[in-house]
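Participant: Model the full structure from these sequences, guided by the hints.
Protein chains: 2
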Amino acid sequence: MSNNQKDEVHRLAEVFKALSNPNRLHIFLRLVSCCPPGTKCSSDAAIRRCVGELGRDLEIDPSTVSHHLKELRRAELIRVERRGKNILCWVDRETVLGLANLLSGGSLPTLLEKETGSMEEKANDRSNF
Amino acid sequence: MSNNQKDEVHRLAEVFKALSNPNRLHIFLRLVSCCPPGTKCSSDAAIRRCVGELGRDLEIDPSTVSHHLKELRRAELIRVERRGKNILCWVDRETVLGLANLLSGGSLPTLLEKETGSMEEKANDRSNF
DNA sequence: TTGATTGTTTGACATATGTCAAACTATAAA
DNA sequence: TTTATAGTTTGACATATGTCAAACAATCAA
Numbered sequence: 012m013s014n015n016q017k018d019e020v021h022r023l024a025e026v027f028k029a030l031s032n033p034n035r036l037h038i039f040l041r042l043v044s045c046c047p048p049g050t051k052c053s054s055d056a057a058i059r060r061c062v063g064e065l066g067r068d069l070e071i072d073p074s075t076v077s078h079h080l081k082e083l084r085r086a087e088l089i090r091v092e093r094r095g096k097n098i099l100c101w102v103d104r105e106t107v108l109g110l111a112n113l114l115s116g117g118s119l120p121t122l123l124e125k126e127t128g129s130m131e132e133k134a135n136d137r138s139n140f
Numbered sequence: 012m013s014n015n016q017k018d019e020v021h022r023l024a025e026v027f028k029a030l031s032n033p034n035r036l037h038i039f040l041r042l043v044s045c046c047p048p049g050t051k052c053s054s055d056a057a058i059r060r061c062v063g064e065l066g067r068d069l070e071i072d073p074s075t076v077s078h079h080l081k082e083l084r085r086a087e088l089i090r091v092e093r094r095g096k097n098i099l100c101w102v103d104r105e106t107v108l109g110l111a112n113l114l115s116g117g118s119l120p121t122l123l124e125k126e127t128g129s130m131e132e133k134a135n136d137r138s139n140f
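Chains A and B, in that order, give the protein sequences. Here the numbering used here runs 11 ahead of the position in the first sequence, where the first position is 1. Here the numbering used here runs 11 ahead of the position in the second sequence, where the first position is 1.
Heads up, a few of these hints could be off.
Which copy? The list can't say, so a pair holds if one copy fits it or any two copies do.
[Claimed, not checked] No more than 35 Å apart at the CA atoms, straight line, and that leaves these computed lysine-lysine pairs for DSBU-like:
1) Lys17 x Lys96
2) Lys96 x Lys81
3) Lys81 x Lys28
4) Lys17 x Lys28
5) Lys28 x Lys96
The set of hints was computed from the structure by calculation and includes no laboratory data. Small disclaimer: the values here were computed from a predicted structure and weren't measured.
Facilitator: Take a look at the structure:
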C-alpha cells in the first residue's frame, strides 16, 4: 500500500472525525440545512450564521463551540469570515459534495484533490480501493 | 430542541465516528470499492471479503481488525455472515447511500428511519436542521 | 476612552479510544 | 480425537478528546 494512499485515507478519516461528535455534528447540520419544508432553494444559497447563534440552545460553553468550529474548519467542512463583531460560518460545498460522491461509489481522489485537479480528470479517475 | 432530534443526531454521529479512524476507514473502503478502473459494475454486486483478507497488509493485529469490524457493524455500515471457517463482510448499501443522500442535501430521517418508513414518506420528509 | 458584545486561547481534568498480547471459541481437516 | 486455521474477547495502557472556567482579544457604541 502506497504512502500516498495512506495519507489520503488519513485525511479522509479526519473529515469523518470532525463529524463524529454529537454537538459538533449538530452545529454542522444547522449549516447544512437549507430550505424550509416544501420550498425550492438555489443550491448556491449558502447559509451563513454567526458563532453565537450556532451554539444557541445546545447547552455548551461558548469556548466549546469555538473549539468545535475550529475542528470543522480544519477539516475544510466549513468556512468562516469576520463580519463586524460577528464571525459568520457556512459549509464548504465542495468538500461535502465530495464526501457524498465518495459514499455513492465515487473514487477517493474526487474528494481529496478538490483544489488541484480538473473536473475531467476527477471524472476519469477510478482508482478505487 | 426535541429529545428525538437529539437522539437522531447522536446516532448519526456514531456512524461518522465509525469512519473516523484511519485503519477502520481503510477496511471500510476496501469493502466499498467495487469495479476496477474503467469497468462497469452492477450496483447490486456486493463485495464480500473475509476478516483476515481485510486486515492483510494493514500491519495491525487480528484482534484489532476484529474490534474495528465490530464498530462498523454496530454503526450498521457493514454486515457479516459466517461461511465455514471464515466470516464474510460486505457493506450495508442502505446506510451508506443514506449518508450520501444526507450530505447531498437530503433530510436526516432518510438515513435514520431506513427500516421503518416507506420510500414515499422519506421523499416527502423535509424536516431539515 | 470606557464599557459592552462576541468570540478565542489556555489550562486542567475526566472519559473515551486504539492498540497489542494472551487466552479463548468455532470450524474444518487429518 | 487431535491439530490447524480463522476469528473473538479480555485486560492493560498510552494517547486523544470533549468540556468547562478563566483570562484574553477584537470590534462597536456611548
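Participant: Now tell me if each hint is right for this structure.
Facilitator: Against the structure, the hints come out as follows:
Taking identical chains as interchangeable, the C-alpha atoms of Lys17 and Lys96 lie at most 35 Å apart only when they sit on different chains, with a minimum of 30 Å there against 41 Å within one chain. For a Cα distance limit of 35 Å, the shortest separation of Lys96 from Lys81 inside one copy, 18 Å, qualifies, whereas the shortest one across copies, 47 Å, does not. With identical chains, the CA atoms of Lys81 and Lys28 are at most 35 Å apart both within one copy (13 Å) and between copies (18 Å). Proximity of Lys17 and Lys28 under a CA criterion of 35 Å is satisfied in both settings, with 16 Å inside one chain copy and 19 Å between copies.
Within a single copy, Lys28 and Lys96 get their C-alpha atoms as close as 30 Å, and across copies as close as 34 Å, so both meet the 35 Å cut-off.
In the structure shown, no violation is registered for any of the earlier numbered hints.
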